[in-house]
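Chain by chain, the residues run as shown.
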Amino acid sequence: MRKLFEPFSFYFQHSKMLTKTRMQYKLDAFLCCIAVFVRESAGIVGVFLVLQTFNNIGGWNMQELFFLFSIIFLTYSFLVFLFSGIRDFSNIVNNGEFDKYLLRPRSVLLQIISANSDYFAAIGHGTLGLVLFIISANSIGTDWSFANILYLIITIIGGVLIQASIWLLFSCSSFFLIKTDSLKDFLYWNTRKFAGYPLSVFPGFIQKLLMFVIPFAFVNYFPAQYFLHKPDLAN
Amino acid sequence: MVIKMNPYIEYGKKAFAKNLVYRSDYIIGVFNTVIMVFIQVAIWRAIYGSNTQINGVPFSYVATSFVLSICFAAALTANDFVLADKVLYGSITTELLKPISINLCIMADTIGNNLFKLIMQFAPAVIISGLFLGLLPPASVLMLLLCVFSLIFGFLIVYYISYIIQACSFWFTNVWSLSVIKNSVISILSGTLIPLWFLPDWLAAAIKWTPFDVIYFAPIQIYLGQMNTQEIIFTFAKQIVWVLLFAVLGMFIYKKGIKKLCIAGG
Amino acid sequence: MSIIVENLSKTFKIKEKQKGIGGALKSLVAPKTKLIKAVEDISFTIDDGQAVGFIGPNGAGKSTTVKMLSGILYPSAGRINVNGLVPYKNRIEHVKNIGVVFGQKSQLWWDLPITDTFDLLKKIYKIPSDVYSRNLELFNEILGLHEFETQQVRQLSLGQRMRADIAAAFLHEPSIVFLDEPTIGLDVVAKEKIRLFIKEINRVKKTTLLFTTHDMTDIEKTCQRIIVIDKGKILYDGTIDSFKTKLNKDDFNEAVYEMFTGGI
Numbered sequence: 034m035r036k037l038f039e040p041f042s043f044y045f046q047h048s049k050m051l052t053k054t055r056m057q058y059k060l061d062a063f064l065c066c067i068a069v070f071v072r073e074s075a076g077i078v079g080v081f082l083v084l085q086t087f088n089n090i091g092g093w094n095m096q097e098l099f100f101l102f103s104i105i106f107l108t109y110s111f112l113v114f115l116f117s118g119i120r121d122f123s124n125i126v127n128n129g130e131f132d133k134y135l136l137r138p139r140s141v142l143l144q145i146i147s148a149n150s151d152y153f154a155a156i157g158h159g160t161l162g163l164v165l166f167i168i169s170a171n172s173i174g175t176d177w178s179f180a181n182i183l184y185l186i187i188t189i190i191g192g193v194l195i196q197a198s199i200w201l202l203f204s205c206s207s208f209f210l211i212k213t214d215s216l217k218d219f220l221y222w223n224t225r226k227f228a229g230y231p232l233s234v235f236p237g238f239i240q241k242l243l244m245f246v247i248p249f250a251f252v253n254y255f256p257a258q259y260f261l262h263k264p265d266l267a268n
Numbered sequence: 322m323v324i325k326m327n328p329y330i331e332y333g334k335k336a337f338a339k340n341l342v343y344r345s346d347y348i349i350g351v352f353n354t355v356i357m358v359f360i361q362v363a364i365w366r367a368i369y370g371s372n373t374q375i376n377g378v379p380f381s382y383v384a385t386s387f388v389l390s391i392c393f394a395a396a397l398t399a400n401d402f403v404l405a406d407k408v409l410y411g412s413i414t415t416e417l418l419k420p421i422s423i424n425l426c427i428m429a430d431t432i433g434n435n436l437f438k439l440i441m442q443f444a445p446a447v448i449i450s451g452l453f454l455g456l457l458p459p460a461s462v463l464m465l466l467l468c469v470f471s472l473i474f475g476f477l478i479v480y481y482i483s484y485i486i487q488a489c490s491f492w493f494t495n496v497w498s499l500s501v502i503k504n505s506v507i508s509i510l511s512g513t514l515i516p517l518w519f520l521p522d523w524l525a526a527a528i529k530w531t532p533f534d535v536i537y538f539a540p541i542q543i544y545l546g547q548m549n550t551q552e553i554i555f556t557f558a559k560q561i562v563w564v565l566l567f568a569v570l571g572m573f574i575y576k577k578g579i580k581k582l583c584i585a586g587g
Numbered sequence: 003m004s005i006i007v008e009n010l011s012k013t014f015k016i017k018e019k020q021k022g023i024g025g026a027l028k029s030l031v032a033p034k035t036k037l038i039k040a041v042e043d044i045s046f047t048i049d050d051g052q053a054v055g056f057i058g059p060n061g062a063g064k065s066t067t068v069k070m071l072s073g074i075l076y077p078s079a080g081r082i083n084v085n086g087l088v089p090y091k092n093r094i095e096h097v098k099n100i101g102v103v104f105g106q107k108s109q110l111w112w113d114l115p116i117t118d119t120f121d122l123l124k125k126i127y128k129i130p131s132d133v134y135s136r137n138l139e140l141f142n143e144i145l146g147l148h149e150f151e152t153q154q155v156r157q158l159s160l161g162q163r164m165r166a167d168i169a170a171a172f173l174h175e176p177s178i179v180f181l182d183e184p185t186i187g188l189d190v191v192a193k194e195k196i197r198l199f200i201k202e203i204n205r206v207k208k209t210t211l212l213f214t215t216h217d218m219t220d221i222e223k224t225c226q227r228i229i230v231i232d233k234g235k236i237l238y239d240g241t242i243d244s245f246k247t248k249l250n251k252d253d254f255n256e257a258v259y260e261m262f263t264g265g266i
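Chains as they are written, first to last, in the working numbering: chain L, 34 to 268; chain X, 322 to 587; chain G, 3 to 266.
The hints are simulated quantities; they were obtained by calculation from the structure and are not laboratory data.
None of these values were measured; they are calculated from a predicted model.
A couple of the hints might just be wrong.
As the list claims (entries may be wrong) - With a Cα cut of at most 35 Å, we get these calculated DSBU-like pairs of lysine-lysine:
{"#": "1", "chain 1": "L", "residue 1": "Lys133", "chain 2": "G", "residue 2": "Lys125"}
{"#": "2", "chain 1": "G", "residue 1": "Lys98", "chain 2": "G", "residue 2": "Lys223"}
{"#": "3", "chain 1": "G", "residue 1": "Lys34", "chain 2": "X", "residue 2": "Lys335"}
{"#": "4", "chain 1": "G", "residue 1": "Lys125", "chain 2": "L", "residue 2": "Lys59"}
{"#": "5", "chain 1": "G", "residue 1": "Lys15", "chain 2": "X", "residue 2": "Lys407"}
{"#": "6", "chain 1": "G", "residue 1": "Lys107", "chain 2": "X", "residue 2": "Lys419"}
{"#": "7", "chain 1": "G", "residue 1": "Lys17", "chain 2": "X", "residue 2": "Lys334"}
{"#": "8", "chain 1": "X", "residue 1": "Lys580", "chain 2": "L", "residue 2": "Lys59"}
{"#": "9", "chain 1": "L", "residue 1": "Lys217", "chain 2": "X", "residue 2": "Lys407"}
{"#": "10", "chain 1": "L", "residue 1": "Lys133", "chain 2": "G", "residue 2": "Lys91"}
{"#": "11", "chain 1": "X", "residue 1": "Lys334", "chain 2": "L", "residue 2": "Lys217"}
{"#": "12", "chain 1": "G", "residue 1": "Lys195", "chain 2": "L", "residue 2": "Lys53"}
{"#": "13", "chain 1": "L", "residue 1": "Lys36", "chain 2": "G", "residue 2": "Lys207"}
{"#": "14", "chain 1": "X", "residue 1": "Lys580", "chain 2": "L", "residue 2": "Lys53"}
{"#": "15", "chain 1": "G", "residue 1": "Lys39", "chain 2": "L", "residue 2": "Lys133"}
{"#": "16", "chain 1": "L", "residue 1": "Lys36", "chain 2": "G", "residue 2": "Lys125"}
{"#": "17", "chain 1": "G", "residue 1": "Lys34", "chain 2": "X", "residue 2": "Lys407"}
{"#": "18", "chain 1": "X", "residue 1": "Lys339", "chain 2": "G", "residue 2": "Lys34"}
{"#": "19", "chain 1": "L", "residue 1": "Lys226", "chain 2": "X", "residue 2": "Lys339"}
{"#": "20", "chain 1": "L", "residue 1": "Lys133", "chain 2": "G", "residue 2": "Lys128"}
{"#": "21", "chain 1": "L", "residue 1": "Lys49", "chain 2": "L", "residue 2": "Lys133"}
{"#": "22", "chain 1": "L", "residue 1": "Lys36", "chain 2": "G", "residue 2": "Lys124"}
{"#": "23", "chain 1": "L", "residue 1": "Lys36", "chain 2": "G", "residue 2": "Lys91"}
{"#": "24", "chain 1": "X", "residue 1": "Lys339", "chain 2": "G", "residue 2": "Lys17"}
{"#": "25", "chain 1": "G", "residue 1": "Lys124", "chain 2": "G", "residue 2": "Lys91"}
{"#": "26", "chain 1": "X", "residue 1": "Lys529", "chain 2": "L", "residue 2": "Lys226"}
Please model the complete structure; the sequences and the hints are all you need to start from.
Right, dumping it as structure tokens:
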């Protein structure tokens, strides 16, 4: 039993140190959270402004779009809280941090996950996600029954894991290519940009890309369709 | 004069050549830009639906404005961290000992980088996205030339805003946050996220008093032939005023920063 | 026998940079690569508890060898056996028994006091509490860690940081420790403290040591044996005294200089 919980205590020991480290630079920490919040809000403000003039984008109104966005931000918040080491893996390899992990008698993946966490981004994205969720949850006509809340939780866990495994895939490639940041940017971030909008707006090959290659559609689009009873792409 | 400029030209060349080292980076950079354009155009196609024009703006204008503004924004950037890194890692003190101007070095570095991006990223990105998404030709050769000129001023506005952020690095250990906030504001208000024709009236009126509409959007309006002579002259005047204002402010903050550095002893 | 190395080689493939814009464009289309033999067919064995100096000019292949021995680099050819294990195959079992100090790199948490890193290492290596506090006490005595244990690492002097880094590598009582230039850039007093510590640990705990350095005094004061390497090949393996006799010099430093400037 103790053996089972040991990795968690290992993880928390790291979290304690990470928090202590961050608290050394309080102003910086605060500004970082604000910056992440503002950066991510830019896209939302864009949608908001567009919908001042127009009713909908591809049949989705503002509340519905905000709900779609909120899942992205909420999952990303957990994602960088837990797995930012996987995201920054190529940095870790390039600056020699990886060698340090190899020299210790622990699972390398456990060390990478434990020793890295992007708290500011997690707070920034999390706040935005929550705000959007609260704004939209009541006006999208979803009955927040126990079953639906459970489904939402599963959606978020699934969304986090899907994205974490996409990152892990790219991370492994940085053993072979020194600079994979742009490859990750290319595939992950571009796909994520599509995922902010209803998939039905895009041409077929993009839809297939998000369903079958980099399965972002399962992070927010399909779950949102379930909650919103949206029939697009139903053929 | 030529001899005096030599070290800076060298700096610019170095910056240009440095970009060539990571070949995958810029190929991917081109695609990133094209995809951004692609997403915006797809969304606006959905918004337009079966309409050919909305508020008197034909869809082809919207597509052209996205192709140009997003490609401009990707190519004409300024690195907010050149000076910040020098301050953070302390190399500023050794640079101050060299008989060259740090400010001109930063300018040379930026121009070198941007020339690279114009040739290797902007040109292919515009051609690809133009071919697939529709790019209107310029209203006339004269308008094209005027567009290029006003873009240079647009770039100078971006450059000096960035310079102000950089000069703040004497006070902030990390200007990343400032840089991110600045870029977000520029992306919303300069027309790369939503063409400024479609802003709500109150915001459109407010934006006239800011430099943001003359960075990328005014040059695009000139390109499309949407401005008369008077408006073009007004645009140039506005651009020059903002460039001067930001340049003076930036220099002022930089001077204060250097003084602070000398007193604190680096 | 704690370390056995047989016919070990490591070859790197590196991209050649070409000068100027034209050159950069050329390497964009057709990058030139060349092979570099960092370590070429070396063999040696080290007994339990032995302290061995590993000497060679910059780029001789010392760090590459240390990296292969510690398991973070795969050999291109040859065999390594450390404590009965193959480093790169049984990574976790292997690193439990070794400690590594890189003079150029720190394993301490930059923004926190050293005690935080030590507590973390206790967790990582699952060091029993009594062993942990006993070792800390011993290390404190020799290295004087108390003086600065509440300060953040980034505020420490290089000498203080290095002392802490060395303590960190010995905390879990490894049977073998690789020291890769631990005295680089240090003043005489700090160097002396570190030598004293290394010697003492080697005597008390019978720790096997492989000591890389450019300071021959480090070697003379701590090691019984030296291995001299250059251009990836072993030039000498034996005691310091017979090395001096071989090169006809009374001074160790001069003997080493003689060897690398083409004496033989």
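Verification of the supplied hints:
1. L:Lys133 x G:Lys125: holds (15 Å)
2. G:Lys98 x G:Lys223: holds (28 Å)
3. G:Lys34 x X:Lys335: holds (21 Å)
4. G:Lys125 x L:Lys59: holds (28 Å)
5. G:Lys15 x X:Lys407: Roughly 33 Å between the alpha carbons, so the hint for lysine 15 (chain G) and lysine 407 (chain X) holds.
6. G:Lys107 x X:Lys419: The hint holds at about 31 Å.
7. G:Lys17 x X:Lys334: holds (22 Å)
8. X:Lys580 x L:Lys59: Status holds; Cα separation ~26 Å.
9. L:Lys217 x X:Lys407: Holds, at roughly 28 Å.
10. L:Lys133 x G:Lys91: Cα-Cα ~17 Å, so holds.
11. X:Lys334 x L:Lys217: holds (29 Å)
12. G:Lys195 x L:Lys53: holds (31 Å)
13. L:Lys36 x G:Lys207: holds (30 Å)
14. X:Lys580 x L:Lys53: Holds, at about 33 Å.
15. G:Lys39 x L:Lys133: holds (25 Å)
16. L:Lys36 x G:Lys125: holds (13 Å)
17. G:Lys34 x X:Lys407: Distance ~33 Å between lysine 34 (chain G) and lysine 407 (chain X) Cα, so the pair holds.
18. X:Lys339 x G:Lys34: Distance ~17 Å between lysine 339 (chain X) and lysine 34 (chain G) Cα, so the pair holds.
19. L:Lys226 x X:Lys339: holds (29 Å)
20. L:Lys133 x G:Lys128: Measuring from Cα to Cα gives roughly 17 Å; hence the hint holds.
21. L:Lys49 x L:Lys133: holds (20 Å)
22. L:Lys36 x G:Lys124: Since the Cα atoms of lysine 36 (chain L) and lysine 124 (chain G) sit roughly 16 Å apart, the hinted pair holds (cutoff 35 Å).
23. L:Lys36 x G:Lys91: holds (24 Å)
24. X:Lys339 x G:Lys17: holds (15 Å)
25. G:Lys124 x G:Lys91: holds (24 Å)
26. X:Lys529 x L:Lys226: holds (29 Å)
No hint from the list above goes unmet by this structure.
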